[in-house]
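Take these sequences, add in the hints, and give me the full structure.
Protein chains in written order, with my numbering: chain U, 1 to 487; chain S, 488 to 587.
In case anyone wonders, no lab produced these hints; they're calculated from the structure. Don't take each hint at face value.
[What the hints assert, rightly or not] Residues on chain S that point at chain U, a partial pick, calculated with CB under 10 Å:
hint, residue
1, Ala507
2, Leu509
3, Leu511
4, Pro549
5, Leu551
6, Pro565
7, Arg566
8, Asp578
Don't be surprised by glycine CBs; every beta carbon is placed ideally from N, CA and C.
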Amino acid sequence: MVKVDSDMTDHTRYETVIGLEVHLQLNTRTKTFCGCSIKFGAEPNTQVCPVCLGLPGSLPVFNREVLNSGIKVALSLGCDIQKTMKFDRKNYYYPDLPKNYQISQYDQPLSGRGKIGIKLEDGTRKEIGITRVHIEEDAGKLLHSETDSYSLVDLNRTGTPLLEIVSEPDMRSPYEAYEYLVKLKQVLKYLDVSDCNMEEGSLRCDANISIRKRGAREFGKKVEIKNMNSFKAVREGLLFEEERQREELEEGRELTQETRLWDEDKRVTVSMRSKEASHDYRYFPEPDLVPFEISADLVDGIRRAMPEGPEEKKIRFAAEYGMGEKDIEVLTAEKDIADLFEGAAGLSGDRTGACNWVKGEVMMHLKERETDVKGLKLSPGNLAQVIKLAGEGKISNLVAKEVLRESIDTGRDPYSIVKDKGLEQVSNADALGEIVSKVIRENERSVSDFRKGKDAALGFLVGQVMKLSGGKANPKVAGELLRKALT
Amino acid sequence: MDNPKNEITNEIVEYAARLARLSLSEKEVAVFKVQLGGILNYVSQLNEIDTSNTPPTSHAIPSLLNVFREDVPVKSLPREEALKNAPDESDGFFRVPRVI
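In structure tokens form, the structure reads like this:
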């Protein structure tokens with residue numbers, strides 16, 4: 001028995017337990033409790049007022065849109081919206097928090113439990129529980145100079161609305177945590193209530209991770225990891241920490257409950273030895289804000305107006321369009337991609353064409369330009385024109401790709417591009433005759449190859465016709481003309 | 488920190504000061520112990536009221552609910568105004584002793 005045990009890998013001896021806390025910055029126009037703008041990129045301390053500066057005598061008033069967005073998010077995660085919610089003060093002292101407390105929600109949050117489904121490596125589905133969604137305000141930004149003994153404080157971000165989405169400790173590997181995060185982001189992005197950009201900080205993730213002997217009922221000592229600023233960092237940070245904890249236990253050391261920071265450069269987690277270890281936030285009800293009753297009418301109204309989520313869209317695409325799973329995955333990955341496809345399919349009347357153009361050329365441009373659909377300047381109408389022009393043979397496929405590129409670059413409509421540049425496909429035998437003769441004259445070798453029975457040589461000759469015609473020749477007609485001339 | 492008898496000890500004053508990042512002299516601790524104790528004693532008169540039939544509330548006017556503002560931007564403070572009370576500033580930032 002002992003031998004078997006020592007031969008077992010770490011992976012089978014221990015079980016990993018992970019829970020994630022995600023902070024989502026909402027894209028409302030104004031802050032949570034005052035009318036300051038939350039537009040990104042303003043000069044430091046130009047979007048502040050007595051309320052978010054915590055000046056004496058100022059009073060917070062709750063932004064209605066924050067509640068509406070919060071309800072959307074909670075509904076999309078299948079969470080119970082609570083009938084009554086209130087705000088509480090979470091007290092701590094740090095220069096990014098001018099009031100010395102953060103307005104948050106403690107025992108009466110916006111929502112109770114929900115869940116989200118993820119796909120595991122073996123293709124099976126697993127549900128990850130959501131513990132709660134609550135509303136809180138963001139803190140300011142600190143800049144630490146390398147050289148002098150000061151920190152600089154910009155309070156523009158102070159009071160920006162955040163939703164905290166807390167998961168149950170349901171994930172059993174960094175892979176599952178990563179999948180949960182990807183799925184969560186997809187669902188949230190569909191709602192259009194946040195940019196959901198981890199690199200820019202509009203979506204942030206802290207993780208709690210512990211390991212225990214397989215089969216144990218008690219959880220191990222929990223470590224919180226912070227400072228993971230990308231999806232990749234979350235996966236790597238968790239993989240590192242899982243391994244570190246295993247090693248500690250294997251070598252007979254005790255783990256401590258602590259907060260550790262992910263060091264992106266060194267790719268390790270480092271203990272954050274806080275001088276103030278006690279998490280005594282002294283929560284108490286925020287006396288400056290009244291409680292909120294969330295009526296069933298309000299929730300129903302929001303539910304009815306909610307955009308279709310990714311899972312619903314997948315089901316509908318399968319039923320309505322009879323598409324394969326792979327195509328559906330690509331087309332529903334983001335709401336904007338799905339909308340572009342459906343818009344172009346409707347306007348062009350060519351669903352197959354729209355599917356092929358979106359998953360081919362459009363995806364290629366998204367990747368090449370490292371942008372999203374909004375960054376492409378490509379309307380469904382313009383894409384539909386490309387699909388029609390190519391589908392009806394008015395322009396060759398080669399030209400169609402160039403026209404699409406130009407339309408993406410300039411936002412111009414493809415019909416005008418084709419007309420202005422005279423790019424219509426030439427299918428007329430008389431018009432192509434001269435080019436065909438020229439190609440035959442100038443490519444003796446291929447011509448004789450073809451005559452000797454090498455069919456592939458014809459492909460080369462067609463290519464030459466395409467080249468000389470500036471891509472405008474109809475390749476099918478060119479092929480026929482060549483064949484006729486050479487046999 | 489549990490304190491069922493509302494008794495303010497030196498340790499409680501020091502603990503509260505630590506949370507608030509204040510450093511107090513022994514003399515100040517003694518002064519605040521008496522003052523905080525006095526406040527607690529005064530407020531604890533409320534304990535004499537029978538509240539067994541009163542539902543808990545977090546606010547004075549339980550009927551006042553759902554006070555919202557619309558999501559419409561208003562003018563922020565001019566930066567000079569915002570920074571005016573700050574003990575120190577630099578390039579439009581508040582400047583504080585290094586915290587990391």
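Quick rundown of the hints versus the structure:
| no. | hint | result |
| --- | --- | --- |
| 1 | Ala507 | holds, 6 Å |
| 2 | Leu509 | holds, 9 Å |
| 3 | Leu511 | violated, 15 Å |
| 4 | Pro549 | holds, 8 Å |
| 5 | Leu551 | holds, 5 Å |
| 6 | Pro565 | holds, 8 Å |
| 7 | Arg566 | holds, 5 Å |
| 8 | Asp578 | holds, 7 Å |
Comparing the model with each earlier hint shows a violation of hint 3 alone; every other hint is respected.
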